[in-house]
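Protein chains: 4
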Amino acid sequence: MREIFPVAPYPYTFGRYHEPIARVKPEETVVLYTEDCFEGKVHSEQDLPSKVAGKYLNPQTGPIYVEGAAPGDTLAVHIHDVTVTRDWAVSAQIPFFGGLTATTMTRTLQDPLPEKVWIYRRQEDGRFAYSDRFSIAPHPFMGTIGTAPDIEALSALTPFTHGGNMDVPDVKAGNTVYLPVNVPGAYFSTGDCHVAQGEGEACGVALEISGKVTLSFSLIKNHPIAWPRIESPQEIMTVGSARPMEDAARIAYTELVLWLEGEYGFEKWDAYQLASQAGKLYVGNMVDTYYSLVAKLSKEYLTAR
Amino acid sequence: MREIFPVAPYPYTFGRYHEPIARVKPEETVVLYTEDCFEGKVHSEQDLPSKVAGKYLNPQTGPIYVEGAAPGDTLAVHIHDVTVTRDWAVSAQIPFFGGLTATTMTRTLQDPLPEKVWIYRRQEDGRFAYSDRFSIAPHPFMGTIGTAPDIEALSALTPFTHGGNMDVPDVKAGNTVYLPVNVPGAYFSTGDCHVAQGEGEACGVALEISGKVTLSFSLIKNHPIAWPRIESPQEIMTVGSARPMEDAARIAYTELVLWLEGEYGFEKWDAYQLASQAGKLYVGNMVDTYYSLVAKLSKEYLTAR
Amino acid sequence: MREIFPVAPYPYTFGRYHEPIARVKPEETVVLYTEDCFEGKVHSEQDLPSKVAGKYLNPQTGPIYVEGAAPGDTLAVHIHDVTVTRDWAVSAQIPFFGGLTATTMTRTLQDPLPEKVWIYRRQEDGRFAYSDRFSIAPHPFMGTIGTAPDIEALSALTPFTHGGNMDVPDVKAGNTVYLPVNVPGAYFSTGDCHVAQGEGEACGVALEISGKVTLSFSLIKNHPIAWPRIESPQEIMTVGSARPMEDAARIAYTELVLWLEGEYGFEKWDAYQLASQAGKLYVGNMVDTYYSLVAKLSKEYLTAR
Amino acid sequence: MREIFPVAPYPYTFGRYHEPIARVKPEETVVLYTEDCFEGKVHSEQDLPSKVAGKYLNPQTGPIYVEGAAPGDTLAVHIHDVTVTRDWAVSAQIPFFGGLTATTMTRTLQDPLPEKVWIYRRQEDGRFAYSDRFSIAPHPFMGTIGTAPDIEALSALTPFTHGGNMDVPDVKAGNTVYLPVNVPGAYFSTGDCHVAQGEGEACGVALEISGKVTLSFSLIKNHPIAWPRIESPQEIMTVGSARPMEDAARIAYTELVLWLEGEYGFEKWDAYQLASQAGKLYVGNMVDTYYSLVAKLSKEYLTAR
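Residue numbers (the working numbering), protein chains in the order written: chain A, 199 to 503; chain B, 199 to 503; chain C, 199 to 503; chain D, 199 to 503.
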C-alpha cells in the first residue's frame, strides 16, 4: 500500500496554491501520515505553545491530486482506518483561544486564562491518562479533512464548505466523508489527528497526536454538493460551519432536508418534518473560526418507506 | 396518589403572579396532567393552528407551591414517569416560526413557508406513524418544566435560568431536573409533553400530545444554582438557554465546569480539560426565544478519581 | 402642570402586574420625575454598586394608565423636555456586565474586570467632567421607556417589542416615541435618565442621573405596530432589540421598509432599495439583555416623491 | 501623476498569490482606476446579475507592491480623491444575498426574494436618481480596500483584519485608512467604488459604479495593528469585521480603547469609560461574509486632555 508522508514546509491552508505532494487514482487505497497540530513540538507541561510552537498550527498532509476529479464532482473519502502513531497525546489551554474564554474574535478587555499543557499517556488498557486524575477512552479521528476552495486559500484552522478544520468526531474509520470538488484534482488534505475529543472541543485543543489514516477515494461525477456530508453504516450526516452557531445548525439541517428530498424521495415538507422529529444535532466544535454542527438521521428512516 | 389537573384559564407564563393550583410537600409523589401545546385544538390536517389555536401556546399545569421552598434553595424534580394520554400526536409548520425559516426575531422580507399539520397515530408496535410515510419511536418527555423567575413573568415559550420551554429530551422518566428557587414555594409548572422530538426541534413543533407526569420534589436548602441541571443514572447535564447559540453552549459548559469544581473536587482547569475531552453537547431546541443546549458528562469520570 | 413622582416600592419590570400610579388623559402634558438607575445610592468612587446598590436596577416611574388606550392602538409619546435634576452623574464598571467583558449571558472562565465608579460633575459650561481628565457634552435622554407587554412582566433591564431599556439617545426632547399598546391603559413607564451616552453604551453604564421628563400622549386607535418607532423633526426611525445583534438590525430595517410601504406609498422593493442607499443604522446598546439598533431615514426622502 | 489600471484577469481575492501589477514608492501619489462590482456587465433593468454577471464579484485593482513595506509595519493609505467615472450607477436585489433575506450562510427553506436591478442616473444637481421615484446624494467611497493576509487568499467579498470588503462609507476622500502589512510589499488592492450607500448596505448592493481613486501611501515601520483604522480630520475610527455582529462591535470598541491607551496616554479603564460615553458605533455592512462595524471618537477628546 502506498504511504504518503507530509512534506515540509507543510501547507497551513486549504487551497490551490500549493503543489500536490502526490497523485492518487480513484479506488486506490493509500496511507497518509499526519503530524500533530503543533508539529510535535509540545512534549511536556513545560512546553508552552506560545514559546515552542510555530507561527501556524495544523500542518496538513497534502494536497493530494485525485486523478479525474473535476469541479462539480463530489469526492467520497472512504476512511478505512485511523491509527495513532505514538503513545502520548497533548492538550493545552492557549491564551485567547477556546470556548470558555474571550478570543481574538470575541474580544474583551479581560486577562486571558493561564496557558497550560496537559500530557496524556496511553495506559495498558488503551485509554489515555492525564497523570492519575482521569483517563479518556480512545476514539481516533481526523480533525481536518478537506479539498481546495475554488479561489480562496483558507487557513487550516477554518472549517467551511470545503471541509477543513471541522473537528467532528464522526470523521473516523468506517465512515465516508463527501466533499465538494472545486478545482481540478480536488487537492485533498488531511491532518490534525485527535485520539479523543469531546463534543464542542470546549478548550479548543483535543488529545492531539500524530496519526496515520488509511483511505481511498471515489468520485461522484457531476454531482455537486454545497457542504460536507458523512455517512456511517447507521446514519447519514451533514456538517454546517458558520457563525453565529445557529447559522451552522440551519445549514446542517437544511442540507439534511435537501438530501432527503433530492436523493431519498421525500417530499420537502415531509423531509423537514422527519428531521424535526428524528434528527440528531451535536456540536463538533465551538472554538474554531467557524463553529461546526452535525445533523444526523438514522438510516432506518431511509429504508422504512 | 394525588392527581393534579390543569386549571383554566391556564397560565401561559412562568412567574409569581398566578395563584398556585396546589400545594405539595417535599417527597410527596404526585401525578400532573398536562394539555398539549395547542390545548388539544388541532385534531386534523385541516385544523391550521392560525385558525383554530388560541392566542397563547404551551398552557402550563401549575403553579405548584412546594412547601418549604425558599429563594436560594434548589428544587430537585424527580421524574418517575411520563405517560401520554392519547393515541395520536400532532406536529405543524407554523408561518414565521421554526428553525429553517425567517421568524419574528430573525426577520426577512420573504414569504413564509406554507402552514401545514401532521397527525401521527400510535401503531400496534407503539411507534407514532404519519400516514404510511414514516413512524417515530416514542420517547416521551416534558417540553416545559420550570419555576417562577424572581420578578419577571416569562412566556411559556421561553427557556431561561428558571427552566421553562427548554424542549430538552432528557427531561424524561428516570431523570432528576434541578431548578433554582427564586420565590417562596418555587411556583413549579410543567407542560408541553412531547412523545418524540428530534434534537433541535427543527420545525419548532414536536409530536405534541397530552400527558401525565409522575414526580416528586426534594429541596436542597441554601444551595443556589444559576441554571437548570439534569441528572440521569449515567450522566450529569447542564442546560444553557441563550442567543446566539454559542452563548447557550458557553453557559452549558461553564456550568458543567463549575459543577465539577464545586461538587466533585476537580481543580478548575482540570474540569475544563475533562469537559473538553469527554463532554457531549447537543442542541435541545434551535427554535424557541432562546436556544437550549445540553452539555453532559458520563458519571464514569466522577467515580474514576 | 401635573407632576408625577415615582412611588416606592418602585417597579423593576414592565408589565400589567403593578397598580398604576396615575391616570393621564391623551393630550394632557405631565411631568414625570425619575430616579437614576441605582436609585441614587452610588455617590462617590468608593460606593461600589455591588456593595451599595439594591438587588434590582432601573426603577421605573409608572405604570401610567393612559385613558382610552386599548390593545391594538399605538401610543405616541411626545417628549417635550428632558431635564436633569442634579449637577452630577455617575458611571461604573460592573463585574460581568458590559460590552467588552464576559457577562452572565456570554460566559467565560475569566476573571471579571475591576469594579469601578466614575463621578462626573457639571461644569460652568454645562459639560459633565470626570475630574480633570475629560468632559462630556450633555444630551439628556430616557434610557427606559415602554408599555406593558401582554402577559409577560419583563425586567426593566430588557428592551423588546414594548420598548423598555433600549438605551437609544434619540429618545430625547423634541422627538415622538411610538409604542404598541398591549393592555388596556397601556401601562406606560419611563426612567433611567442619561445625561450623556455613547452609541452602544460600551461599558453598560451611561452618565446616570435623576431627571424630569415633560411629555404628553396621543393615541392612534386601531393601528398596531410591532416594534417601537421614533420620529424627530428630520427623521423617521425604527428600533429593533434582539440577539444576536444582526437580528436587531434585521428587525430595525424590516420595520423601516414596512413603514415606508405601509404609510408612505412606496412599493416594497423600492422601499428596501431606498433604505439600502439612504438609511442610517447605529447601535443604541450592545450591553443589555437584547441589543438595540436604530435604523433611520431622512424625511427628505418622504417628501421628495 | 501615474495612473494604474486594473489588469484582467482581475484578482477576486486579497492574498499573496497574485503578481503585483505595479510597484509604488511611499509618498508617491497615484491614480487607480476601478471596475464596478459586476465588471460593468449590468447595464439595464433587464440585465439580471444571475444571467450576465461573471462567477466572481468585486474585481480588484491590484495588488500594488509598496516599496519597503514589511510584515509588522502599518500601511497608511491617504485617500486624496474618489471620483466616479460614469454618469450612472447600478444596484440590485440578488437571490439569497442581502440583509433582509435568508442567505447561503443564514439558510432557510423559503423562496428567495425576486431578482431585480435598479439603474440610477446622474441628474444635473449631481444626485443619482432612480427613475422619478427617488434620488440619492453622492458620497463616493471605496467598498474594498486592503492588503494581503499572511498565508490566506480571502475572497474580495470578505472583510477581515486585512481590510477587504468592509463597505464602510468613511473610506473616502480626505481620510486615511491604516492597514496591517502582512507580506513584503503589502500587496495593496482596492475596488468596488460606491457613489452612495446607506449604513448597513441593507440589500447588499450599493450604488455600484466605476471610479478612480487618488491616493498615496506612508509606512509606519515596526508598528503592527490588529485591525483597520481610519482617521478623518475630525475623528479616529476602528473597524471590526466578524459574525455575529456583536463580535464586530466588540472588536471595534476594543481596538478603540487600546488605541486610546497605546497612543493617546489614556489609562485603560478611562479609555473604556470615554468610549462608552462619547463613542459612535455604526454598521458599515450587515450583508457581507463578516459584518463590519465602525467605532469612532471625536478628536476633541484627544486634545482636551
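The set of hints was computed from the structure by calculation and includes no laboratory data. Heads up, some of the hints might be wrong.
Identical copies carry no separate label here, and so any pair may be met within one copy or between two of them.
What the hints assert, rightly or not - Below, in silico cross-link-like pairs of lysine-lysine (PhoX-like), each with a Cα-Cα straight-line distance of 20 Å or less: (1) K466 - K314; (2) K223 - K419; (3) K466 - K249; (4) K239 - K466; (5) K478 - K466; (6) K478 - K410; (7) K249 - K370; (8) K410 - K466; (9) K223 - K497; (10) K478 - K370; (11) K478 - K497; (12) K370 - K497; (13) K253 - K239; (14) K223 - K253; (15) K223 - K239; (16) K410 - K239; (17) K419 - K497.
Note that this is a predicted model, so its numbers are computed, not measured.
Hints and how they fare:
1. In this homomeric assembly, K466 and K314 come within 20 Å of each other (Cα to Cα) only across copies, at 12 Å, whereas the closest approach inside a single copy is 49 Å.
2. Taking CA atoms no more than 20 Å apart as the test, K223 paired with K419 passes inside one copy only; the shortest distance there is 14 Å, against 50 Å between copies.
3. In the homo-oligomer, the alpha carbons of K466 and K249 never lie at most 20 Å apart, since the shortest distance is 53 Å inside one protomer and 24 Å across protomers.
4. Taking identical chains as interchangeable, the C-alpha atoms of K239 and K466 are never at most 20 Å apart, the minima being 50 Å within one chain and 26 Å between chains.
5. For the identical chains of this complex, K478 and K466 are intra-copy neighbours only, at 18 Å inside a copy versus 30 Å across copies, given an alpha-carbon limit of 20 Å.
6. Proximity of K478 to K410 under the C-alpha cut-off of 20 Å is found in neither arrangement, the shortest distances being 29 Å within a copy and 26 Å between copies.
7. For the identical chains of this complex, K249 and K370 are neighbours neither inside a copy (32 Å) nor across copies (42 Å), given an alpha-carbon limit of 20 Å.
8. Within a single copy, K410 and K466 get their C-alpha atoms no closer than 40 Å, and across copies no closer than 34 Å, so neither meets the 20 Å cut-off.
9. For the homomeric pair K223 and K497, neither the shortest alpha-carbon distance inside one copy (30 Å) nor that between copies (46 Å) is at most 20 Å.
10. In this homomeric assembly, K478 and K370 come within 20 Å of each other (Cα to Cα) both inside a single copy, at 18 Å, and across copies, at 17 Å.
11. Only within a single protomer do K478 and K497 lie at most 20 Å apart by alpha-carbon distance; the minimum there is 12 Å, versus 22 Å between protomers.
12. Taking CA atoms no more than 20 Å apart as the test, K370 paired with K497 passes inside one copy only; the shortest distance there is 18 Å, against 25 Å between copies.
13. Taking the shortest alpha-carbon separations for K253 and K239, only the intra-copy value of 12 Å comes in at or below 20 Å, while the best inter-copy value is 42 Å.
14. Taking the shortest alpha-carbon separations for K223 and K253, neither the intra-copy value of 34 Å nor the inter-copy value of 30 Å comes in at or below 20 Å.
15. Taking identical chains as interchangeable, the C-alpha atoms of K223 and K239 are never at most 20 Å apart, the minima being 34 Å within one chain and 41 Å between chains.
16. Taking the closest pair of Cα atoms, K410 and K239 come within 20 Å of each other only inside a single copy of the chain (18 Å); across copies the shortest separation is 50 Å, beyond that limit.
17. For a Cα distance limit of 20 Å, the shortest separation of K419 from K497 qualifies neither inside one copy, at 24 Å, nor across copies, at 47 Å.
Of the numbered hints stated above, those contradicted by the structure are hints 3, 4, 6, 7, 8, 9, 14, 15 and 17, listed in ascending order.
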